[in-house]
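Take the sequences, apply the hints, and build the full model.
2 protein chains.
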Amino acid sequence: MVPLAGLRDTLLDHAIAMLEAGEAEPGIRALARAAGVSAMAPYRHFADKAALLSAVAERGFAMFLAALSAADAEGSDAERLVAQGVAYVDFACAHPALFRAMFACGAGAPKQPDAPAFAILTRRVAALVGEDDPVAALGCWAIVHGLATLALNGGVPLAAAQVRAVLRTYVAGIVAGGSTG
Amino acid sequence: MVPLAGLRDTLLDHAIAMLEAGEAEPGIRALARAAGVSAMAPYRHFADKAALLSAVAERGFAMFLAALSAADAEGSDAERLVAQGVAYVDFACAHPALFRAMFACGAGAPKQPDAPAFAILTRRVAALVGEDDPVAALGCWAIVHGLATLALNGGVPLAAAQVRAVLRTYVAGIVAGGSTG
DNA sequence: CATTGTCTGTTTACACCGTATACATGGCCA
DNA sequence: TGGCCATGTATACGGTGTAAACAGACAATG
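Protein chains in written order, with the UniProt record's numbering: chain A, 1 to 181; chain B, 1 to 181.
One or more of the hints may lead you astray.
Same chains, same label: a pair holds when it works inside one copy or across any pair of copies.
DMTMM-like, lysine to aspartate or glutamate: derived pairs with alpha carbons at most 25 Å apart [to be verified]:
hint	residue 1	residue 2
1	K49	D9
2	K49	D13
3	K49	E131
4	K49	E74
5	K49	E23
Since the hints were made in silico from the structure, they are not lab data.
As structure tokens, this is what we get:
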């Protein structure tokens with residue numbers, strides 16, 4: 001009974017893999033089975049199922065942040081903002097179950113536009129419209145999150161062009177001074 | 001063993017009541033128990049749990065439509081649109097578990113901006129910006145749905161004023177001609 | 001009236017789930 | 001050497017969704 005090399009990570013790996021494969025909410029027992037370990041073993045590393053899913057969400061947000069960062073690489077502030085928005089929706093569509101799990105798990109889900117995973121988006125908005133418009137970041141966040149959620153849960157067909165169009169419209173509205181109304 | 005008067009409706013009533021009380025995903029057995037009936041009885045009225053939740057979602061969308069309609073009562077097109085948006089978010093915050101269930105259940109969830117539950121919103125957008133801007137309705141829908149989802153799943157604190165501000169900004173952007181970019 | 005469905009609900013049973021409890025085993029440090 | 005602690009196991013309990021077989025009430029039909 002030599003201790004496995006990082007059962008904790010192995011479990012999270014399998015959890016992510018199952019989510020990527022379309023499984024909704026991998027369970028403790030299924031994960032243990034996949035890792036070739038007894039049903040109770042995971043409890044040595046996670047207090048309960050919620051804690052495990054929370055850790056999965058944490059990994060998901062790390063992947064998410066990487067995707068947003070990659071999209072923020074070059075171009076004007078406006079171009080970068082739009083690119084981030086497209087990346088946001090693309091990530092959700094590419095990893096639907098993971099994205100759902102990330103936000104379904106109440107703990108660990110970010111509560112502010114400036115939470116780590118979204119600070120990069122918020123920063124870009126601030127660079128574009130100024131720090132003095134706190135609603136602007138919320139608006140951009142809501143737009144991309146709304147599009148992503150509708151695409152996932154509503155099955156709304158979505159093209160990158162539409163994401164771009166909506167975001168550009170919103171930015172145009174900010175520039176036109178509509179956000180203080 | 002006289003047939004109960006509409007066990008189907010009784011089950012749905014209890015399901016909605018449980019959701020309103022904060023229960024996440026009432027189960028077949030719990031519902032049967034609440035209705036004072038055996039665990040298998042619900043299967044005479046619903047093929048499986050998904051079908052039951054789908055019926056619950058249907059009821060939820062009816063309530064939702066009523067809320068949106070009530071908000072569409074008076075004012076200019078812009079005012080009505082914004083009022084609908086506020087009502088959208090308010091509904092989600094007032095019935096969080098029901099709102100989640102409505103969109104979690106893949107079947108029955110509307111897939112287009114002009115699905116019955118949202119036709120009223122889409123119509124208002126069209127009245128405001130013209131029929132020739134199909135992205136506008138999607139954008140408004142995404143904004144209010146995103147705000148609602150963030151408020152629910154992310155715990156983002158949200159005030160009606162913010163909803164209004166974001167929607168007005170977006171409308172300003174449409175008027176400024178930004179949506180065709 | 002008797003018979004035969006059909007509709008509705010019950011009972012029983014199975015496999016799965018999360019998890020509490022008690023136990024075994026190995027590595028590390030004193 | 002001895003004991004501790006971390007890790008994994010075995011067993012058990014109550015919950016779930018649901019398949020299968022059964023029972024009573026009602027309507028239609030002979």
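Hint check results:
no. : hint       : in the structure
1   : K49 x D9   : within (15 Å within a copy, 34 Å between copies)
2   : K49 x D13  : within (15 Å within a copy, 30 Å between copies)
3   : K49 x E131 : neither (40 Å within a copy, 48 Å between copies)
4   : K49 x E74  : neither (40 Å within a copy, 48 Å between copies)
5   : K49 x E23  : both (15 Å within a copy, 18 Å between copies)
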